[in-house]
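The whole structure should be built from the sequences, with the hints applied where relevant.
The primary structure of each chain is shown beneath.
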Amino acid sequence: DGGITQSPKYLFRKEGQNVTLSCEQNLNHDAMYWYRQDPGQGLRLIYYSQIVNDFQKGDIAEGYSVSREKKESFPLTVTSAQKNPTAFYLCASSTPGQSLYEQYFGPGTRLTVT
Amino acid sequence: AQTVTQSQPEMSVQEAETVTLSCTYDTSESDYYLFWYKQPPSRQMILVIRQEAYKQQNATENRFSVNFQKAAKSFSLKISDSQLGDAAMYFCAYGRTSGTYKYIFGTGTRLKVLA
Chain A
834 DGGITQSPKY
844 LFRKEGQNVT
854 LSCEQNLNHD
864 AMYWYRQDPG
874 QGLRLIYYSQ
884 IVNDFQKGDI
894 AEGYSVSREK
904 KESFPLTVTS
914 AQKNPTAFYL
924 CASSTPGQSL
934 YEQYFGPGTR
944 LTVT
Chain B
828 AQTVTQSQPE
838 MSVQEAETVT
848 LSCTYDTSES
858 DYYLFWYKQP
868 PSRQMILVIR
878 QEAYKQQNAT
888 ENRFSVNFQK
898 AAKSFSLKIS
908 DSQLGDAAMY
918 FCAYGRTSGT
928 YKYIFGTGTR
938 LKVLA
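Taken in sequence, the protein lines are chains A and B.
Position in the first sequence (first residue = 1) + 833 = my numbering.
Position in the second sequence (first residue = 1) + 827 = my numbering.
Here are the simulated lysine to any residue pairs, SDA-like style, with alpha carbons at most 25 Å apart:
#, chain 1, residue 1, chain 2, residue 2
1, A, K890, A, V852
2, A, K904, B, L874
3, B, K929, A, P929
4, B, K900, A, P929
5, B, K929, A, S898
6, A, K904, B, T927
7, A, K842, B, M916
8, B, K905, A, G875
9, A, K890, B, T830
10, B, K939, B, N894
11, B, K929, A, D892
12, A, K842, B, Q866
13, A, K903, B, T924
14, A, K903, A, V852
15, A, K890, B, K929
16, A, K890, B, D853
17, B, K929, A, I893
Rather than coming from a laboratory, the hints here were simulated on the basis of the structure.
The following block contains the structure:
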């Protein structure tokens with residue numbers, strides 16, 4: 834079945850450590866996205882990538898980094914510079930012009946930093 | 828820049844009744860898509876319904892329908908015959924169809940369904 838996988842579902846880290854969240858899709862989508870979700874704030878865009886080897890900052894990119902070396906993979910690194918990293922992270926993908934621009938979402942990763 | 832506003836943080840509806848969730852947006856673009864996503868307690872985002880801006884006819888999907896008012900930049904979701912399984916967070920989203928293919932989400936409305 835085609836879809837988006839995010840692993841792990843729950844992630845715990847100590848303050849000061851970098852951590853990488855995985856996102857893989859087998860939908861052959863060109864574009865991939867990372868969102869952060871906090872209570873009462875909806876989904877905020879961290880980074881997005883429209884093609885391989887290219888990505889752009891979203892609204893809250895500070896303290897995060899990404900790479901897009903393969904079409905199907907878009908890992909997100911939460912660095913120690915991110916002041917408040919505890920949140921729910923959602924990965925999504927789409928191909929503009931296909932499926933009427935629908936975004937498909939992964940199940941999310943809950944990151945807790947103490 | 829585009830913005831999406833959901834002014835109802837929480838709504839309640841009696842089972843089998845009808846409820847309408849509000850969404851307004853701001854854009855200078857003429858072609859775009861609008862979406863309603865549902866996020867149940869599992870936190871998996873599920874597409875409920877979508878609307879193409881150039882289509883005047885309101886989209887419907889079974890018990891879900893929208894009232895799309897392009898001039899007023901309003902995109903409300905009507906849920907008929909509400910069921911307990913409809914209880915969730917509902918997000919309104921705007922999708923661009925040109926340039927950078929970004930999506931802008933509202934802050935969400937939590938819908939409670941009362942038995």
